[in-house]
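S.K.: Need the complex rebuilt from these two chains, each delivered in its own frame; the hints are there to steer you.
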Amino acid sequence: MTKPLSDGPDWTFDLLEQYREEIKRVAEHYKLDTYPNQIEVITAEQMMDAYSSVGMPIGYNHWSFGKKFIQTEQNYRRGQMGLAYEIVINSNPCIAYLMEENTMAMQALVMAHACYGHNSFFKGNYLFKTWTDAGSIIDYLLFAKNYIAECEQKYGIDEVEDILDSCHALMNYGVDRYKRPQQISLYEEQKRQQERADYLQSQVNELWRTIPTSEQQKRKKRPRFPSEPQENILYFVEKNAPLLEPWQREIVRIVRKISQYFYPQKQTQVMNEGWATFWHYTLLNHLYDEGKLTDGFMLEVLQSHTNVIYQPPYNSNYYSGINPYALGFNMMVDIRRICENPDDEDRKWFPEYAGSDWLETLHFAMQNFKDESFISQFLSPRLIREFKLFSIVDDSQQPHLEVSAIHDESGYQKIRQSLSAQYNLSNHEPNIQVYDIDIRGDRSLTLRYIPHLGIPLADSKDEVLKHLHRLWGFPVRLEQENADGSIVKLSSCPAAELDLEN
Amino acid sequence: MAHFIDRRLNGKNKSTLNRQRFIRRYKKQIKEAVSDAINKRSVTDVSSGESISIPAKDIKEPVFHQGKGGFREQVHPGNDQFNAGDRIKRPPAGQSGGAGEGEASDQGEGTDDFVFSISKDEYLDLLFEDLELPNLQENSLDKLVQMRTHRAGFCSEGVPSNIDIIRSLQGSLARRVAMTAGKKRELAELKQELIHLEQQPVPEQTRINQLLAEIEELERQISAVPFIDNYDLRFRNYEKRPHPTSKAVMFCLMDVSGSMDQATKDMAKRFYILLYLFLTRTYKDIEVVYIRHHTQAKEVDEQEFFYSQETGGTIVSSALKLMHQIIAARYSSSEWNIYAAQASDGDNWADDSPQCAEVLSNKILPMVRYYAYVEITNRAHQSLWREYEQLAAQFGNFAIKHITSVEDIYPIFRELFKKSANTTAQSA
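Each protein sequence line maps, in turn, to chains A and P.
Under my numbering, the first sequence is numbered contiguously, ending at residue 502.
Under my numbering, the second sequence is numbered contiguously, ending at residue 428.
One chain only, chain P, in its complex shape (with noise of 0.2 Å):
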């Protein structure tokens, strides 16, 4: 007796619950390849997993086995030369040459990394694990003002191509009924009457002469009822509501004067990618929007605008300017949700900075949903800073912080928009 089971069906998971294990047990290790992989990819690549490579040492299950050495005989098959007594030169080490068994491994050389990938969404809640991501969306719903048109039941009153015929005519119908109704039952009552009438052996003819005129006239009132009226007209009808737009615009303000060198810049890519991340998770479409400066300011593409080599004094306003301009043109406030995000060593002109204040709190920050500044250096802060930090005081949706190592980065992002999260939570 045999049976035979379609398992086709059955769900072929089976090994998920594995992988999660296996994710959490290296956790650590994943995590430090999920932030090295970010400075590999694009800030806007977002729609791939991440490949993972973990050192093949840290993951190896340790079992009792045989070292080199020691005295081995091996049968192999296909002989085509040798003769029983014949001395073979050994190997050179590393090659394994099927002598030994799982030794191949052993030497440090050859330990290959052992890679695997992880999907978008592990990727994301890898990345994102220890932040606490304060929900923008609730914050941005009160000032969104994009309209959209809905449907809202049917009025009495419109434009004709607006009329629904259906309606309109069940009105007529309706209406018609409720008011020849009556009518109709008395004529049918005086017809039956006449019909009596007229069977008797002597008719009443006075009796039917007033019956037929009062026949007529039911009659003609019946048909006076309109088939249509303007009172049964029935209009679609709509109204406008505010919605909440899922597109946001992503400034990233980079000063690339000299002063700024490889690494800072990859401090401040790591800074872009993370808010990136981020604003992909609340909203739908995003654009970023390159801006650096030195005197002066230029939008340029992402590989330009963190590998092109460029040097110059700096005037941070010049970019603050152009990021206004680029606002009015393309991305209306209404329509956009718009943050901002700079990073600076804090080099700036000293008579430029009150500029940069200025430029900001009367037209930048109104405009803006959320303006973060992070300043990566090691030096003491300058005039920029201070002018920075009397803004912070002021505006709730900008932020300045102090970032000196790439350590930094994940706690100082976390605490921006913890920051954000609070302000929204006072003024709600």
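So here's chain A without its partners, still in its complex pose (with noise of 0.2 Å):
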């Protein structure tokens, strides 16, 4: 029998290696791949500062921060709210704070969480590896911190503060959803273009050029720009906005850039957390097991684990949406189960996992797939009835509501495919792209809105396009594209240029 570890209440930093060893051990076992880990004490304020940076270690100073800094001093002094125990960053090495008020058992929760649940999945899922590059963040960070307070200085904080205003409003639009990043050099993008343009040429028969064209061919025939539609908003100002001075330019690269690094987190917020709450259940049960951990020390994270992966049902006051931890722990432990104990229904479901493999499986899921992903490819009938899921219909021309599905035979795929759906962000967030460029007029740039299923716009995009305004400097058009394919438009700025069009 071994001796177990003592378990607090109090920590010392001696008793947090012990444990860091432990679960290190037991990590490894599980085949936890992760990069070293920085682990740091900090108080509650420290915390509370941590908040406000959105989880930027570093960050360049801006209002909206201060803002949200107040409102997390206001709520947490009335007491509406909880600090979270941890915070961690997708870093290399990465980086986990605890907070200082935890208790032994919890700080050990908590590296079990963050620094091998978090920080292997940060090394591992596939969005990460492609997008994010964890050893040069805090550099970058701190590039991004010192060249804003450059600019401050030289520029005057008023004239930074507008530009990095206008770059959060478009900050969603900072992100390249579709593109690869590997990208080709430019040297080597140039010379496929004058092949492209070599072999239209070649194409052209000048006979056909002497045959006059009918007017309302001439203006068809306008070539756009860009000739495709492109998503990236902030991209294509930082690329081709007129006006922009150079260290404006850097900017909306900066905030374009941070953008892009958190997005992957965006997409992966039931996996991520899924996974680090699986980890830390079960490296913790397995020292448990291994008599290393006192009843006391479990039961303490029994409790807090509960808390953490409780599901209020829809009708319960504290309900509000499906809790992350709870829909991907049980996920993570079904995808387990699956393998270890499949029954006739997952094998009917689940023919190429069930009966292999667990922990394989398990890492599998968690390199290859994104929320979306994962939820359509692993989410059981079994889960389905646990939650009790059901799927509402709101159509905006029905008076009514409609349950689509329920968690019975007929329900469960429907189920499946609108929870995927609902994790989709570009679900979520309207699909806006840069259409055309006037550019031999007056410079005007036109955003083409295409609804996901008919849902409106709403009303803060007249002011967001005064901030796409302020970039790109000449006037700006928002129109709808219909389903029908017609085009309305919705606003533009300066305002007064839709009036003169229609």
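Bear in mind the hints are in silico, worked out from the structure with no lab data behind them.
If you're wondering where the values come from, they're calculated on a predicted model, not measured in any experiment.
Ideal Cβ placement from N, Cα and C applies to all residues, glycine included.
Incorrect hints may appear among the rest.
Stated by the list, open to error - Once the Cα atoms are required to be at most 27 Å apart in a straight line, the calculated DSS-like pairs of lysine-lysine come out as:
(1) P:K89 / A:K68
(2) P:K27 / A:K154
(3) A:K414 / A:K266
(4) P:K27 / A:K388
Said to hold, decoys possible - Computed far set for chain A versus chain P, every beta-carbon distance over 12 Å:
(5) D10
(6) L142
(7) Y423
(8) I455
M.R.: What follows is the structure, given as structure tokens:
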């Protein structure tokens, strides 16, 4: 019988190190591959600071972070909100913050959760691998902070603040959603472009050019710029806005980069939290089974764990959507079950996973999916029954809501599909792209909104257009392309622009 | 490899700068909130900061997001009663019911104000930001006559209770050493010689006798030096220095006759608060005396001063006389910095106005540091204003101003104290 580790309740640095060693040993047993850990102990006030800088350990200065801080502070003071036990940053070494107020049991839970759960997710998941460079993010944030501080000195706080405000308004549109980041070099790009142009040139039949074209056709033929609609508005602005100063372009770039850095986190909330929760549960239980942890310690861990994965039902006062910890954790546990103890239903639904090695399957799931695809691949009928999921259709054309599917044989597929869609960011974030620039005329920029399922754009659009106008420097228009192909003008900045056109 | 870093000792105020940025950006709104808040707080309540509320729509950061309408499908947990195909009545608008994301705040009604607190210093900074506060303390230094006793070294004369024993004994020791050192050396030499002679095989008796006599004489002289002498005594010395007092009293005089309505009183209140806050920056203890008057004057508390209703005619001099009595009884002008602010709509018995001028010029103005008269009215000036105008020309510490609306108060306040600073500069 091994001697259990001291269960505190107070922690010391020695004890933290002992626990970390044990957790690490078990984590390696389960093949969790992590960045080195850098664990920082901070106070509650510092936790509030960390909160308000949206998880960036080094942030440039902006009033919106101050606003966030004031809000956090107020909520915390009034007791409306507890602070998170930890914050973990996707960097190499992986920085995790532990709060000084936690008991030893909580610190151990947080270490297992953040330093081995989240950390291995950051290192393993394909989105993070593709889009973020954990090794350089801290350096980049430091660069950004210094650069922006320098600009403030050179050009004044107000100037910089204006640009940042405008960039923040478009931050969600500073992301490449579909394009892969491996970019060919500029030289390569130009070469290919030249080849294309040569080819087109070789196709020109000089004879056709003698036939007069009608007015109508002439107007249609005007080449659009950009030739393809651009989803990354900030990138487009950075590269093409005619009037921006170089330092302003650099700020646009900074905001865009940071937005891109956080984009994978938005897409993997359920998986990331589920993965980390699954591992703190599994690692600590493993240690408990080895006799390393006392009963009291384990009870405290389980109590906290149970709170974290509680899913209130839809009619509860505490209900605010599906708890990503609950869904993620249960799916991970369920995958293990499907691998270890599959029943007939599982064999039918998951022929390729049922009975396979659970650890391998789980790692595979962690590495190769995001929330949307993870749910559509791994949500089992049994879990749908356990959660008693049901799907509600809210069609503004209808006077009532309709239950479209429930947790029964005919509904599983449907529920899985619509829950998966619910985690598809492109269903929430309005699809707005740079459609056209009037390069021969007034240089006005036209954005095109393509509604998803007929959902209109909210009123804030006018304000956002003002920000885009500030960046672009020439008139900006927003139009909507309806399902039937018709185009409706939604807004423009300056506003008079719209009236003239009509 | 992992390592632990203890960051607890690092500064916790990483967000301070961002918070300042926020306040800087919304200064306009915050200042509005501050000046609104003035009406709500008591004149003497300066210990607290202020809770500031800004309309949430002003500080929104706009982003593109989906509006209401269209086709949505949402999955919820915990089904307890529904079957596929069930139809549910749409929950009434306004109740969000969790059906849509991020919409709850779009409705005008549901929007809460953004409320937060600023500290007392931030509050005062915002309040006085535009005001050029004259340095009244300098102005007051030359005239303040409260004396305080300070230790000031030692002296050789004084009363026995002030004797400083250590110093005195040090003197005594020094004197004794000084007066006996030479003799003691001589004595030692003689004794040495005596021993030397006695050791000779044939002692020279006459010389020995002579030496013995000399030694006796020296010892007598040494023992005659007194242990302590009047000359040794040292006394602790005290001196009195004039000390500027930090006590101030502020008299608020207000006309509460029928012609003063609540709006006018609120304007006066703002003025008093400004003056009070301003004084707190200079003085530690401030007392406020409220005198309200119609035909008769009365000292009242703050609540009654601002909110009790009374009507009657107006005799301003009654308040001035009462003020003079109170000063004489409780606030000696040598100890107190006296400030007075009088607010009125300018109404007065025509016969009374010259009397007011007389009371002010003879009794009150020589004693007060500053007397400000604000007339809050939209009508033409009357006899009181004309009398006061003449006084203002004569006395540097008397100022009159005319206020017609709330917006005038800050600028007028500034002007008043600018003027005071200039006069000091001239007199200095």
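S.K.: What are the numbers of the hints that this structure violates, sorted from low to high?
M.R.: Checked against the structure, the hints that fail are numbers 1, 4, 7 and 8, while the rest are satisfied.
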